[in-house]
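Heads up: the sequence lines are chains A and B, in that order.
Read in order, the letters of the first sequence are residues 1 to 682 in my numbering.
Read in order, the letters of the second sequence are residues 1 to 682 in my numbering.
These are calculated hints, taken from the structure and not from any lab test.
Same chains, same label: a pair holds when it works inside one copy or across any pair of copies.
Okay, derived cross-link-like pairs now, DSSO-like style, lysine-lysine, Cα gap no bigger than 27 Å in a straight line:
| hint | residue 1 | residue 2 |
| --- | --- | --- |
| 1 | K333 | K445 |
| 2 | K650 | K54 |
| 3 | K126 | K679 |
| 4 | K123 | K679 |
Number of protein chains: 2
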Amino acid sequence: MKNRQTLLMEKARNDASFNTLELTCLIYGGYDNVERRRAAFERVETRLGVRDNKKLPRCYTGYTREDAYNEGLEEGKAAFEDGLQHQHAFFETMTPRCQLSNASPFGLTGPMFEATVRFCGLKEQKDVWLPLTKSGQIIGAYCQTELGHGTFVRGIETTATFDQQTDKLILNSPSVSSTKFWPGALGFSCTHAIVLARLVVNNTDHGPHFFVVQLRSLDDGTPLPGITLGDIGPKMSYNGTCNGFASFDHVRIPRMNMLMRYSQLDADGSYIRHGQPQLLYATMLALRGVILKISGLQLAQAVTIATRYSVVREQGVGFGDKSTTETVIFAYKTQHFRLLTIAAKSYAIFFISEAYRKEYADLILQQEMSDHSGLPYMHCLASGLKAWSTQTVADGAEDARKCCGGHGYMMISGIPDITATATALATLEGENYVLWQQVGRYLFKCLDNLEARKLIEPQMTYVAEQYKSYLNNVTPKMCPAQGNDFLDHAVQLSIYRHRALRLMTKAWVSVRSSSKPVAEAWSEHMLSIIDAGRAHIEYIILLSFVNAVATLPVCISGELHTVLDNLCSLFALSNLINPTSVNVISFIEDGHLSSTQLDRTRSIVSHLLERLRPEAIALTDAWDFTDASLRSALGCWDGNVYERIMSWVKQMPINQKAWNENQGVYQPGWREWIEPVLKANL
Amino acid sequence: MKNRQTLLMEKARNDASFNTLELTCLIYGGYDNVERRRAAFERVETRLGVRDNKKLPRCYTGYTREDAYNEGLEEGKAAFEDGLQHQHAFFETMTPRCQLSNASPFGLTGPMFEATVRFCGLKEQKDVWLPLTKSGQIIGAYCQTELGHGTFVRGIETTATFDQQTDKLILNSPSVSSTKFWPGALGFSCTHAIVLARLVVNNTDHGPHFFVVQLRSLDDGTPLPGITLGDIGPKMSYNGTCNGFASFDHVRIPRMNMLMRYSQLDADGSYIRHGQPQLLYATMLALRGVILKISGLQLAQAVTIATRYSVVREQGVGFGDKSTTETVIFAYKTQHFRLLTIAAKSYAIFFISEAYRKEYADLILQQEMSDHSGLPYMHCLASGLKAWSTQTVADGAEDARKCCGGHGYMMISGIPDITATATALATLEGENYVLWQQVGRYLFKCLDNLEARKLIEPQMTYVAEQYKSYLNNVTPKMCPAQGNDFLDHAVQLSIYRHRALRLMTKAWVSVRSSSKPVAEAWSEHMLSIIDAGRAHIEYIILLSFVNAVATLPVCISGELHTVLDNLCSLFALSNLINPTSVNVISFIEDGHLSSTQLDRTRSIVSHLLERLRPEAIALTDAWDFTDASLRSALGCWDGNVYERIMSWVKQMPINQKAWNENQGVYQPGWREWIEPVLKANL
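So here's chain A without its partners, still in its complex pose:
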């Protein structure tokens, strides 16, 4: 039966100018894929019994650490087995909670354990381990970080000391801070791990190397002698897996468990390095591509929930207006400004992640022909995109949550967990502030090369063409655009490009002209370097969005084309005037844009918002998220918000128990703590 909220939702859904399925097909690469993806979700969600959206999802019952882990195991297994059976990879990035790799103990075997063996192992080593990972007989973890050591790999303390007599390596954790800490699935799930440890041969420290280590008995799961394993306890999210710790007390492993493609250790203790593990970077680059993609999906999930809620939630103005009529909150300017700009970002991330995937595929082809020259650019791109997208998504998801008012604070709104998973991505796989510096380092190298008249990567041509005029300060300062020129993507790009060039040349000159030692000068100008990196990446992201819209498949309708084009302009222009944009001052501090131009931009943004408002539900529906994957009382497809909230809340165990067993009283609390207070002063 329809009620006020479901009718409002129906209306908002019908407002769109384009066919949602068209956009869904664009997102997932065609109708066949959309169908296969839907079928896979249906199979797995049916098996897990989570398709009834009137039922309170288990994760909101207020369960223990153990319950969360059990749920992760069950869900991970279902998704993993479905993927094996149907040969698809939807769940690598799209479990019910959006990312198998960190959310479930079964997710890291492929992208981390297997990939490291594949890239760093000898043929005979691959022949041993890869068949086992493929068939599910190894559940792998990847142990790099230690309690006291994160990003800085050279600082790790765990040692693998060669014992020539027995031809064994002795793995040891020499201190509390050397405890391996954080690896996903390490606590209680994995059977094997890649362990990064310093190779020591005859008292010579050869630095960090990879070792394959069996951690548990395959019979009963008990840790092998000398190995202590455990869970690191509750985290903000990802409690479906057992991020764990491991310490090694002189654990002996065969010499051949060291991955030897790039560094060979012979039985006589002789050690040879065969160059750098260039291919290994491919693992990291692939992983950052996955993070980029899933971060975009997380933002899309958050904005889907918040937009759906906003078109059915009604509220009065509260002042001025004396009436009691209420308006759906999406109609308020701040609300659709916030949500539509966030939606634009989710699409920006989608398009750049598609572009990244293609660049990555090209790189792999090159690398297979031993051409590693594309690595530095891709490394810069991966670092910057990961840092930008994860920060953007964490902030955007949290703002979407705040757009839901008080109800967004309930776990059943589904957004708190999305925000919590998104914010993890800002730290894992490269802390963002470290990554921004890596982007800066690459930009500096580019400028160094250009000054030395050396070649630079083709993707950086925009720098080669124009940096001189910035160094010589002969570039025209004022952006000449006026009126509707700002809707021209070329104008938008020129504004972003100008900022990037100005900031990168400025930072480079500051550091290179400093009289201080390089490291000191670097530290002094760190904020400018980060600003420059961010500006470069924002230019690249806008460029990919503009390119994607310009090269949409011919089958795309004019209506959808217009919507995406407007969304792209909204992305480009709202960033200039959004009070919460990062480092927005740098767009204008050199006088590139005048106050008049900014005011013009503000009216154009206003106009774009008016045009995009009716498309909001379609733009979020297009992601095709199932209700079960959103797990949100506010964000189900039907818009039946209030009935669902009350239904879910009433199913909470604390309520069920109080009502069914104790006439509505929470007995332990009443007796032990409330009654004594009430009766103390009688």
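Once you've looked at the hints, dock chain B against the given chain A.
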């Protein structure tokens, strides 16, 4: 025994130029108060058994909804009773988790239930209920918001219909969306509530009024007939209390349970309104003052943890530098830039909350003499400060958490819960975007009054003196400051004042000169109105910081004076150049500050950071937070981070059970989900 981390902490602590206790006394109002506060914490923490910082705090054991509530009840009772016994109010804002009112079911009786009765009740009504709240015989809740209705009070649906025959009021929830939803302590703890409902007499709707309603039997806690009560389930934090829902099915209450100071309902059904409940606003103003204060304390807690961790956590540069030597991460520019600017904000909030407290006390004195003329200004101030501080604190606490890298993601770091409580404040007691508009409305009224040559509040003199030159566009555009002028607080204030005046006059002109209806024009310019409000409030906050530093008690040492003066300048100036500052573009888009001046500001900020770096630990120690109230493995006073993490992690029940009972295996998971996968393809 000392280890590397505790030695690093000792060193960082000794670096300070001033005596920490001096600052602690300034914060808490003298040495006597510091001593009393310490004694109260010691008593309550001892009673709760939480003073041993080697013991894993219960909240991290991964407990259920029920466990969280039990803990909240136990802690709340201990704090509440200690407060009663020793006549102090430390725990109203400072339980182990910083805020009793929302964190514990015992916290709202005073500030919400009792305050409403006091301000809106007749003498005979106060005589009935106030003695009961004072002696703890009533545990009160405050029921305003409904499932479908938040900020907009006129939209509430619950009705209280007068039945003349029986002289009763019939309380009723006519729809799902009218269910009272969110009130703290409502689920299972409170005995009585203030319920806001529409008074209906003879089919006339008189709008929302307050009613005192007994919800539960005092004998056994069962809900009274017709009343359904329950918990709303897990939230991002505040799970120590039972935010709840209530629905009323024709519940009869005596007519005299309507609070009648401002609206009288006689037995014959005649209804008279006696003016506006002006005093009631005092409740809201007091509450926002408390939120302001505790939000500052929450930010201080987060930055205490992150700073302490940052002076003992070591990490290498990761690139460039080839050495393996590591540096404490606080030494990195981005790290101390982020943490010191956050610390500066925590002090800015402290000083403005002190200033607010004094203004509020003056207002109450005035109001007691029936002079309510101070209300509009205070209402604007309260709205703006609440919106600014809660957003600043939520963002700052989250950034402090990110400063802790991966370890900040563990719940045992203590910051996730601080962030989660802080972010709640951005929504509760007035959603921030609504509040910003209220600030804007006040500013518009000021300008309207000035234009009409009417009086305005004395605190707004700065507007009266200068707005004309902004309206006439004759104000000098360029800030004349150069070099170290920027360290002059008068210069800093002039920059903030200029921005505020420019934005408020601009927004006002846009709306007042619009040809559209007021409500439409308001909506169209909503973003500018909010910007103007924020700029005004940031000026007021800086002004209070500057004033506080200028009028420190004479006993304050020169060293501490210098540190606070530098901190104030850091607050003022870093905001101009911090990439994550909100709406920073408005400082410069009119050309008020040139690129050269901004670069000069950047170097001055750099210089201030160098001077403040050695003071960081002292600045956070000064808040005098106990280890038990921080509940952080990263942020204990001794700096013994790694040993404490491992010790707490090993105490996790999931680990204890696996090790003590199952040889290191998590049995249910292994048997049910892992083993089947491992053996499936054998």
